[in-house]
Structure formats: structure tokens, C-alpha cells
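> Numbering that gives the first Met the number 0 numbers the first residue of the sequence shown as 0 and each following residue consecutively.
These are calculated hints, taken from the structure and not from any lab test.
Here a beta-carbon is modelled for each residue, glycine too, at the ideal position from N, C-alpha and C.
Among the clues, some could well be false.
Claimed, not checked - For each label pair, taking beta carbons as the anchor points, the in silico distance ranges come out as:
(1) 240 x 198: 31 to 37 Å
(2) 283 x 148: 43 to 49 Å
(3) 212 x 83: 21 to 27 Å
(4) 272 x 179: 31 to 37 Å
(5) 197 x 82: 36 to 42 Å
(6) 81 x 145: 18 to 24 Å
(7) 175 x 270: 17 to 23 Å
(8) 198 x 96: 41 to 47 Å
(9) 163 x 201: 33 to 39 Å
(10) 43 x 147: 17 to 23 Å
(11) 283 x 240: 20 to 26 Å
(12) 147 x 122: 44 to 50 Å
(13) 82 x 151: 26 to 32 Å
Said to hold, decoys possible - With a cut-off of at most 35 Å between alpha-carbon atoms, the simulated DSBU-like pairs for lysine-lysine come out as follows:
(14) 121 x 200
(15) 121 x 280
(16) 148 x 235
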Amino acid sequence: MEPPDNTTIVDAVNMVNTGDVKMGYLSQVHQGDALAVAESLPKGCCDLVYIDPPFFTKREHVGRGRGEAALGHKFAFMDIWAGGVEGYLEWLEPRVRAMQGVLKPRGVFLLHLDWHAVHYAKVLCDAIFGMENFQNELIWYYQTGGACKSRFSRKHDTILMYAPDGHYFNGKAVAIPRGAGAMKRARSGRGARIAVTDTHKNPDDVLVVPALNAMAVERTGYPTQKPVALLEILLKALCPPGGTVADFFCGSGTTLVAAKRLGLSYIGSDVSAAAVTMARKRLAS
């Protein structure tokens, strides 16, 4: 049962608290500001929260939808902040705190940013979640775009991971093959001792996943769209089977699509009506 478009997320959650809560907000996409949506949800309802908010790029991002799910919409969002990075962090802080509230006691929080503001955001998240709960600085290395002549080319995003000790982690679900050289050393007795049957290893903190090219089948035209393959790695490793994933800046719905493919429940929201429409169409296809 999906609330009608003119029902706010607050009304929707209140409406189902006396009935079937799962049917009220799980595996749904809601339109609304991330703060309002997160504050409206029951405490401790999520195993994992992943967000890909504006990056503090200080520009407008524009794209045009492709395919049936796009409905011909033009997509745009502003990433320009009064007060500079301080204003950006003042906007981000209450939203992250509200998302902390929806996490289960051993839930995982992932914040996806890039060089523009990730270092400032880490200080903020250290204060919210505790420095002791900072687990990983994951690098998404995507190798796309041209080369810069005045500095090293920027070819990665950063995903900050916060979780308490004892959080869920399944490295085997995303294990990668060991190189042929490593296996040869194992068989010959040189180098690290590796069992012959141990053909895979847990991935390290650099995730090499190609960005979506202009002709990618899954590309929607939504600006800053991430590949499903990247989100599948994160969810397979960090969300327990049958768990619940939330993305409060869901955009075209990539996180939700990955969750659905993996048999996970999801909660999605975005302030943009066009983004919500696209995400719902992708999930329905």
C-alpha cells in the first residue's frame, strides 16, 4: 500500500502505526526532505543507511532522463551553499543525526562524498557517531574522464563508514579472486602461505567499479547517478540477509534497485518529485 502522492511521509507513517507498519513505509519511495523523512520513521528500523547527498560542488547539476523510467523529465539540483562549507555542514548535521536515530544498535552508516567536502564531513561524523566507530574510508576508483594538466587527476569518490564493533560484515559475499601470481607462490612455497583452495580474498578499501558511460543500459540521465554494481558490493557486505536499507537522497533509485535485487527491504526518499517518479518506475520495471 503506497500512500497517495499528496500524503506526507509523516502522515503515511502515522497512518500505518496502528496497522501493518511494514506495508506503510518499507520498500517504498517517499517525496520529502531527508530530515523530515528520517525523523518520521521509527527508531532503530534500519540495518544500513547509505546517502549520496550534494557534494558541495558549488554548481548546479542538470541532466535529462533517458528510457521509459525517465518520463522525459529534466533533472536538476542546486549544490550552491550560502555561508560556504560552514553553511553546507550546518545543513548536513541535523540530517545525519536524524539518520543515526533510525539505525539499529549495530547498524552501518555510509556517507558518499568526494574531495570537495569529505574531509570536513568526516570531522562532523566523528562527532556524531564517535571516532571509535569510524571503520573505513572506502575509495570508489572509477578511472573515467580526461587527464588534468595542472594537478593529479581526480578519479575517485570517498565513502565514509561508521558502525559499532560487532556490526554485520560478510567479506565472502564480495570476495575477489586472488591473482595467478599469488596462487603460484602458494603452490611453490614462496611468499605468503595461502591454501591452494583459498582462491579468493576479502576486497580491500579501494573499490574499482567503472562509472556509467553515456551508453550504459542502466543509465537514466539523472545527474551524478551511481552504478548498481557499486551499491551491490556495499549492501552484500554490510547488510544482513532480509535486512532494511535506507537512502534519503535516493535520486534515480540506484540504492533501492540494488536492495531489491538482493532481496532486502528498502526505504527511499528524495526532495525531488521527478527523482521519486523515476525511482518508482525503475523499481517497478
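> Given the hinted pair residue 148 and residue 235, is their alpha-carbon gap at most 35 Å?
violated, 38 Å
> Does the hinted range 20 to 26 Å hold for residue 283 and residue 240 at CB?
holds, 24 Å
> Given the hint of 21 to 27 Å, is the C-beta distance from residue 212 to residue 83 inside that range or not?
Violated, since residue 212 and residue 83 (Cβ atoms, about 33 Å apart) do not stay within the stated range.
> Is the gap between the beta carbons of residue 82 and residue 151 within 26 to 32 Å?
Given range 26 to 32 Å: holds, Cβ gap about 29 Å.
> If you check the beta carbons of residue 283 and residue 148, does the distance land in 43 to 49 Å?
holds, 46 Å
> With respect to the beta-carbon atoms only, verify the hint that residue 147 and residue 122 lie 44 to 50 Å apart.
violated, 27 Å
> Cβ-Cβ distance between residue 198 and residue 96: within 41 to 47 Å?
Taking Cβ atoms as reference, residue 198 and residue 96 lie about 43 Å apart, which means the hint holds.
> Range hint 17 to 23 Å: satisfied by the CB atoms of residue 43 and residue 147?
At 45 Å between Cβs, range violated.
> Given a hinted range of 33 to 39 Å, is it respected by the beta-carbon distance of residue 163 and residue 201?
The hinted range 33 to 39 Å is violated for residue 163 and residue 201, with Cβ atoms some 20 Å apart.
> Hint says 36 to 42 Å; check whether the CB-CB distance for residue 197 and residue 82 agrees.
violated, 52 Å
> Taking 35 Å as the top limit, are the C-alpha atoms of residue 121 and residue 280 close enough?
Measuring from Cα to Cα gives roughly 34 Å; hence the hint holds.
> Determine whether the Cβ-Cβ distance between residue 175 and residue 270 falls within the hinted range of 17 to 23 Å.
violated, 37 Å
The structure is inconsistent with the numbered hints 1, 3, 4, 5, 6, 7, 9, 10, 12 and 16, although it conforms to all the rest.
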